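Spelled out, the chains give:
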Amino acid sequence: MPDPAIHVRDLRKTFRVPVREAGLRAALKSLVRRESRDVQAVDGVGFDIEPGEVVGFLGPNGAGKTTTLKMLSGLLYPTSGEALVLGSVPSRREPAFLRQITMVMGNRNQLQWDLPALDSFDLIRAIYRLPPDQFRQTRDEFIELLELGDLVNKPVRNLSLGERMKVETVGALLHRPQVLFLDEPTIGLDVTMQKRIRSFVAEYNRRLGATVLLTSHYMADVQALCKRVIVIHHGRILFDGALTELASRFNATKTIGVVLKDGTVDLSAYGEVMSTDDDRVTLRVSRADAPEVTTRLLRDLPVADLTIEDPPIEDVIEHVFAGAAEDQRVEAEAAAAAAGASS
Amino acid sequence: MTAPARPAVGPVRGYLDYYLTSMRIAIATQFQYRVANYFYMIGMVAEPVIYLVVWSTIARQQGGEVGGITPGQFAAYYIVWTLVRNMNIIFTPYGWEERIRTGELSGMLLRPVHPIHADLGFFAGWKFVVIVLWLPIAVVLSALFQPDLQPRPIDVVVFAFAIWGAYLIRSVNYWILGMVTFWTTRVGPIFQLVFTAELLLSGRLVPLSLMPDWAQRLADVLPFKWTFGFPIEALVGRLPAPELLGGLAMQALWIAIGAIGVRVVWRFAVRHYGAVGG
Numbered sequence: 001m002p003d004p005a006i007h008v009r010d011l012r013k014t015f016r017v018p019v020r021e022a023g024l025r026a027a028l029k030s031l032v033r034r035e036s037r038d039v040q041a042v043d044g045v046g047f048d049i050e051p052g053e054v055v056g057f058l059g060p061n062g063a064g065k066t067t068t069l070k071m072l073s074g075l076l077y078p079t080s081g082e083a084l085v086l087g088s089v090p091s092r093r094e095p096a097f098l099r100q101i102t103m104v105m106g107n108r109n110q111l112q113w114d115l116p117a118l119d120s121f122d123l124i125r126a127i128y129r130l131p132p133d134q135f136r137q138t139r140d141e142f143i144e145l146l147e148l149g150d151l152v153n154k155p156v157r158n159l160s161l162g163e164r165m166k167v168e169t170v171g172a173l174l175h176r177p178q179v180l181f182l183d184e185p186t187i188g189l190d191v192t193m194q195k196r197i198r199s200f201v202a203e204y205n206r207r208l209g210a211t212v213l214l215t216s217h218y219m220a221d222v223q224a225l226c227k228r229v230i231v232i233h234h235g236r237i238l239f240d241g242a243l244t245e246l247a248s249r250f251n252a253t254k255t256i257g258v259v260l261k262d263g264t265v266d267l268s269a270y271g272e273v274m275s276t277d278d279d280r281v282t283l284r285v286s287r288a289d290a291p292e293v294t295t296r297l298l299r300d301l302p303v304a305d306l307t308i309e310d311p312p313i314e315d316v317i318e319h320v321f322a323g324a325a326e327d328q329r330v331e332a333e334a335a336a337a338a339a340g341a342s343s
Numbered sequence: 001m002t003a004p005a006r007p008a009v010g011p012v013r014g015y016l017d018y019y020l021t022s023m024r025i026a027i028a029t030q031f032q033y034r035v036a037n038y039f040y041m042i043g044m045v046a047e048p049v050i051y052l053v054v055w056s057t058i059a060r061q062q063g064g065e066v067g068g069i070t071p072g073q074f075a076a077y078y079i080v081w082t083l084v085r086n087m088n089i090i091f092t093p094y095g096w097e098e099r100i101r102t103g104e105l106s107g108m109l110l111r112p113v114h115p116i117h118a119d120l121g122f123f124a125g126w127k128f129v130v131i132v133l134w135l136p137i138a139v140v141l142s143a144l145f146q147p148d149l150q151p152r153p154i155d156v157v158v159f160a161f162a163i164w165g166a167y168l169i170r171s172v173n174y175w176i177l178g179m180v181t182f183w184t185t186r187v188g189p190i191f192q193l194v195f196t197a198e199l200l201l202s203g204r205l206v207p208l209s210l211m212p213d214w215a216q217r218l219a220d221v222l223p224f225k226w227t228f229g230f231p232i233e234a235l236v237g238r239l240p241a242p243e244l245l246g247g248l249a250m251q252a253l254w255i256a257i258g259a260i261g262v263r264v265v266w267r268f269a270v271r272h273y274g275a276v277g278g
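If you're matching them up, the sequences are chains A and B in order.
Using the numbering used here, you'd call the opening residue of the first sequence number 1 and step up by one each time.
Using the numbering used here, you'd call the opening residue of the second sequence number 1 and step up by one each time.
If you're looking for bench data, these hints aren't it; they were derived computationally from the structure.
There may be inaccurate statements among the hints.
From the structure, some residues in chain A lie toward chain B, with a derived Cβ separation under 7 Å [what the hints assert, rightly or not]: (1) Y77; (2) L115; (3) L118; (4) A126; (5) P131; (6) D133; (7) Q223; (8) I237; (9) L238; (10) D240.
Please read these numbers as outputs of a predicted model, since none were measured by experiment.
Virtual Cβ for every residue (Gly too), placed ideally from N, Cα, C.
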């Protein structure tokens, strides 16, 4: 069994942030006494990612995804815990480590704004001291894969957001890194462009066996690329496993789509009616009841078509976060009650 | 095949290639903004022209010289000043706040090259554009003010090294100063204090030989003189050879001190980086 490409144990990051109320009085007070509080952005995260794995790192805004990625890429020093990427401690930022990773941050421009992307690519060649032949071969291959064509000859400032993201992605991968940290790589792009970037990442992973840790709010990115997902919320991991398992673990419902031969009838007796589009009715039923409801539908009604599906992954994720928020509320209430009882 | 941990070429060849490529990119970028660059340089010429007019007037009123410097020598001093000032343009300490806020620094930190090399390479490339654009300005100023400039070959050679030495001293010193931004964003007053000290003790405002003795002695032990006064004097001052070579040695010393300072401060500063901008 090879060593994991990414090894994380009990990783924590605490930020000290200044606290100040609004208003003149608070401004004057802050001259004398500055207050701050600690924010636990990442709170004891742990996981291993094997070489060649593509893992989705999911969570709502402020969950700790980007902070974790920044610690793994060496941009941030962890407050405590252990992180190893390709056997190196990221925070040491050794050149040998930096040569083998990349981090793509959506909407970040790392290319020379006023020059054609080809000039920036040449600078990247010099930064990573790439052999000219290998550089040219990789560059041309990636330009072809992403169908960039003449775009690389235009000044970057003249490119659209989608075009710029494509050239940014090429620039980030020219040195053929073994580990890719992709932080919202498709943010703000249209569906076609998102798809193009996704296929490129998938192809890169297939050809080079690279390890990918991806954050995205677009579930299509995750579904297309990741078999495994890690769900993080309030700096803690809620789930780490197969994407398919996520639905079965956290979602207690199934969606049944029914088309009847003689038009629609009221199906509320069979489950919760989610929608009715023309002659198609969509029902939500509990996972446990799904086989029995299906049998009853087929037995009682003239069914022309019937499908049973898991709900969209977006709904599942929403359900996971909602559940975590509810757990936290209950914990907080219990803690408050305990504190009240002891005082 | 993915990236090997070791690069294909050695460090010396690697850094040389990196610097040359950065400089080429800087030249290409800055020539795109040649008109803006020209107006910037013309604006910058206003400062020495004011000094020149003031000192030349005083010299004439005092019988043809001030502290042994004639109007022609003042003209030479301040015309060379314009080139030295342009060669001294470096990444401003004020730029650090934006670099941190926008996340630009994150991109630089992800590269296997210390970020100072990116600044040194880029601004070094810019100098070549500056020199090309400066030449016509120097011709016009010379025609107007008739400088008394008769450098010996050794003066020209030392000057050629000294302007790059000045650039390096200023780069490393202001890098150290700029890194204060990692600890606090209220850095403006600190920067202003240093800039004022530089203005007075570098030979930028007035040739150091016109300053009081105590100020000259103080200037000798600070880095500022070696970034303005020394390169200018090297070309216009007809300094003896030992003084010229001693000046280059002092520049080398300040570069070494600054490089060590950058290394030490950077190690602590980068731990404070919050990578907030992305």
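Against the structure, the hints:
Hint status for Y77 (chain A): holds, given a least beta-carbon distance of 5 Å to chain B, under 7 Å. With its C-beta approaching chain B no nearer than about 6 Å, L115 (chain A) sits inside the 7 Å limit, and its interface hint holds. For the restraint placing L118 (chain A) at the interface with chain B, the shortest Cβ-Cβ distance is roughly 11 Å, beyond the 7 Å limit, so the hint is violated. The restraint placing A126 (chain A) at the interface with chain B holds, with a minimum CB-CB distance near 4 Å, inside the 7 Å limit.
Using the Cβ-Cβ criterion of 7 Å, the hint placing P131 (chain A) at the interface with chain B is satisfied: the shortest such distance is roughly 4 Å. Evaluation of the D133 (chain A) hint against chain B yields a violated restraint, the C-beta minimum of about 10 Å exceeding 7 Å. Because the beta carbon of Q223 (chain A) sits about 25 Å from the nearest beta carbon in chain B, more than 7 Å, this interface hint is broken. Hint on I237 (chain A) is violated. Least Cβ distance to chain B is approximately 21 Å, over the 7 Å limit.
A distance limit of 7 Å between C-beta atoms decides the matter here; for L238 (chain A) the minimum to chain B is near 24 Å, and the interface restraint is violated. Hint on D240 (chain A) is violated. Least Cβ distance to chain B is approximately 24 Å, over the 7 Å limit.
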